[in-house]
Each structure stands twice: as C-alpha cells, then as structure tokens.
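Asks: The residues making up each chain are set out below.
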Amino acid sequence: MKTLTRRDFGVAVAAAVLLPATNARADDMEVHIDNFVFQPAEMKIKVGTTVTWTNRDDIPHTVVSAGKFRSKTLDTDDKFSFTFTNAGDYKYFCSLHPHMTGMIKVE
Amino acid sequence: MSGHDHGEDGVSRRKVLECMTWAGTGVLWTITGGVPRSLGIIDSAQAATTPGMTFLQISDSHVGFDKPANPNALGTLEEAVNKINAMPAKPSFMIHTGDITHLSKTAEFDNAERIISQTKLDVHYVPGEHDFLDEEVKFYRERYGRGTKGQGWYSFDAGGVHFIGLVNVVDLKAGGLGNLGAEQLEWLEDDLRGKSKSTPIVLFAHIPLWTVYPQWGWGTEDGARALEYVKGFGSVTVLNGHIHQVMQKVEGNVTFHTARSTAFPQPAPGTAPSPGPMKVEDAKLRSMLGVASVNFTQGDQRLAIIDTPLQG
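Just so you know, the sequences run in chain order C and A.
So that you can map any letter, position 104 of the first sequence is 104 in the UniProt record's numbering, and since no number is skipped, the others follow by simple counting.
So that you can map any letter, position 156 of the second sequence is 156 in the UniProt record's numbering, and since no number is skipped, the others follow by simple counting.
None of these hints come from the bench; they were simulated from the model.
C-beta atoms are modelled at their ideal positions from N, C-alpha and C, and glycine is treated no differently.
A hint or two may mislead.
[Stated by the list, open to error] One side of the interface only, derived from the structure: several residues of chain A facing chain C at Cβ under 10 Å:
| id | residue |
| --- | --- |
| 1 | Phe65 |
| 2 | Lys67 |
| 3 | Glu129 |
| 4 | Glu135 |
| 5 | Lys173 |
| 6 | Gly176 |
| 7 | Asn179 |
| 8 | Trp216 |
| 9 | Ala272 |
Throw the hints in and build the complete structure from the sequences for me.
Replies: Take a look at the structure:
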C-alpha cells in the first residue's frame, strides 16, 4: 500500500507540473484600447498565445496587421482575438485612426 | 476676446484656439484678396440678405451615436435641419462633409436620409471613415456614389464656382494621416486642367486637407499635393469636417475652414488625452454643435463663411 501511495503521489506531482505548460489559456494576453491608444503598445508573447483586444472608447476602432489579421469594426466593448501560431514581429494599427499603432513580438 | 488673461509670454496656444472657437459662433468672415476681415456679429437673417450664392455645409452627423457625449445624435441632426428650414432665404444646395453615420448601418443611413431630406435641398456628400465600416464597404457608394469616380470623388459647377469633393478616408497607412492616393490626385490635376485661374475653387473632404494636429491624425498625408494643384487660382476655399469644431486658417489665396459636428464636440488639439467625444454640460452641448453657411458673391471674389451653433 505504501509503495502505491508513493507512486500515486508521484503521478499527481507530474500532472501538476505539466498543467501550466499544456494549458495555453493561462498565457492568453489582453490589449485594451483606451483614449485612442493600444495598451500595452508592445507585447512579447510565446507562439500559441491568443491575444484579445477590447475597445473601451466611445468611438469604433479596428485592429489590422497587413496580410496577417484584420478585425471587424469594434464598437464600444467589442472584442477581437487572434492566436499567434508563428514567431515574428506583428506590427498592427487602427485602419480608421492610423496614428494608433501597436506591436506584438512572438517568439 | 476681452477678459482673457494673457500669460507673460503673450497669448498661449490654448487661448488662441479658444478665440478661434469663439469666433465661430457668429462672426461673418469676409475674405478679400486672401485676408480675412471680421464684419462683426450678425444673425442668420442678415446673412441671408447678402447677395450672391449661398450654400450650406453640415458635417459629422454620426447618426447612431448614443454615448454620454450626446445620447441622441439623430435628434440634434433634426434640430440642425429645423434651423436650416427656418432660414429666411433658401440656400442653393448643401454639402455634407462626411461621417453621416456612426457605424455605417443601413438603419443609420436610412434615418440620416429621412431627416436630411426634409431640407428639400440637393446634398453633395463626401464620405467620412465612419461611412465605410460595413463589411463590403458598399452602403455609402450605393446611396451617394452615383456618377462619382474611384472611391467617390467628383466635381461640379454652381454659381460660377467649381466644387470638388474628395475622399481622404480610404487605404490609410499605419502611422499616417488621411490619404487621397495617386489615382485621385491624378484625377484632380486633370479636373483642374484648362480651368481659368479666376474660377473660384471649393475643395471639400472629410479629414482636414491641412495639418491641424498630426498627433491625433488630424491632417492628410498627401493633402499638400492637392493644394499644389490649386495654387495658381485666385480664390480657393477648403472645407472639412472630422474634428468637430470650427477652425480657420488663411494661406495666400487659400482659406481653410472646418465645420462643427451636428452630433458631439471634440476637444481642441492637445487639450485632452484623446480626440474622442467630449462630454460637456447638457446646457452647453448645443452651443458646440451647428452648421456653416457659405456665401459667394460673383465678381468680387468674396467668400464669407458663417458658423451658426444650434443654440447660443
């Protein structure tokens, strides 16, 4: 019985250690749009991470990275998510207010 | 302007802008030889007796907007239309410098049309960025794009003045400002070719064609190229919207002017964290919304712009 218990304990520890690594959701990131600014303006993430943008302004915005992703028009409190499956630098901007720019660095 | 406290370094930038805004509430500007001259405060009845052609500019009606800065943008558009209908002399036509709707929804376009058509005036539109938000970017052009080129630019003549409606809200580049693009600039150069330099020109577009405040995107990347083409003309007037406040500048023979919104005010450049809708006291809102009327008297190259708030 004692041996079994020790083995069960070992399995439980292994599972606990593996859990954060296999659960990508724990790494998901958020960008807020406040006062015509992407916050944070630059973000470093790991491949597989999903980033969600939320528009908290009274004016609609978009999130566009040329050739990579393009959100619909986001009205107040609307969200847009994108999962980054390839490493690289993703510059993006708001196509309605192009002075609003941001960067996601995926490694 | 009296009563303004001038700092030790003279009038601060902010004070100057406040004066400009104040000037917009009822001063008749006469432009003679490129120099603006204030004729003093007048009312719209006097303005209407001015001979010559008068047309109206309305802008940024943002039909569908319902946030705290103005929960009823359709209602204030209706008030603007009532104001227009009450004018003692009927203007020749109207231009709308864009952001007719807030989110380019069919119902928003329908509501805007229902109210604006009550003026019974011909309306010449140019789109704002808020009018191109539908998935297929077709609602604006289906309604207002007939007979236009490219994304919706065109020209027409009225009362001896050549009017040119430009589109500077398409294909905007990251980090940049408003954009006309090579195709439209080429068309513009062509459109002006052979025109007598004494023909008064009115250019109108949504985003200011001059650089008002690039930090907020208030300007047009290649606007200077368009202005290059009209340089030789004796009288050029540039009418824009987008910034929801009255601003005026004169450079040589070119007068630049922006109109108020009929929906909500925006802050003066740099006076707030962002150019977003500005919430003011309810009692003050209608003094910051309004329409502009523009009078052109043939022969003397004079063009006067009168901004009339909804109230105050």
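Asks: Against chain C, is A/Gly176 within 10 Å by beta-carbon distance?
Replies: holds (5 Å)
Asks: So, A/Ala272 near chain C? Judge it on the closest CB pair being under 10 Å.
Replies: With Cβ-Cβ at 8 Å, under 10 Å, it holds.
Asks: How about A/Trp216: closest beta carbon in chain C under 10 Å, or not?
Replies: holds (7 Å)
Asks: A/Glu129 was flagged as interface toward chain C. Is the shortest Cβ-Cβ separation under 10 Å?
Replies: holds (5 Å)
Asks: With chain C as the partner, please determine if A/Asn179 meets the hint condition of a C-beta pair closer than 10 Å.
Replies: holds (8 Å)
Asks: Restraint: A/Lys67 near chain C, CB-CB cut 10 Å. Satisfied or not?
Replies: holds (4 Å)
Asks: Under the criterion of a CB-CB separation shorter than 10 Å, is A/Lys173 in contact with chain C as hinted?
Replies: holds (6 Å)
Asks: Taking 10 Å as the limit, does the beta-carbon of A/Glu135 come near enough to a beta-carbon in chain C?
Replies: Since chain C brings a Cβ to about 7 Å from A/Glu135, closer than 10 Å, the hint holds.
Asks: Can you verify the interface hint for A/Phe65: is its Cβ closer than 10 Å to any Cβ in chain C?
Replies: OK, holds: A/Phe65 within 10 Å of chain C, min 8 Å.
Of the numbered hints given earlier, the model fails none.
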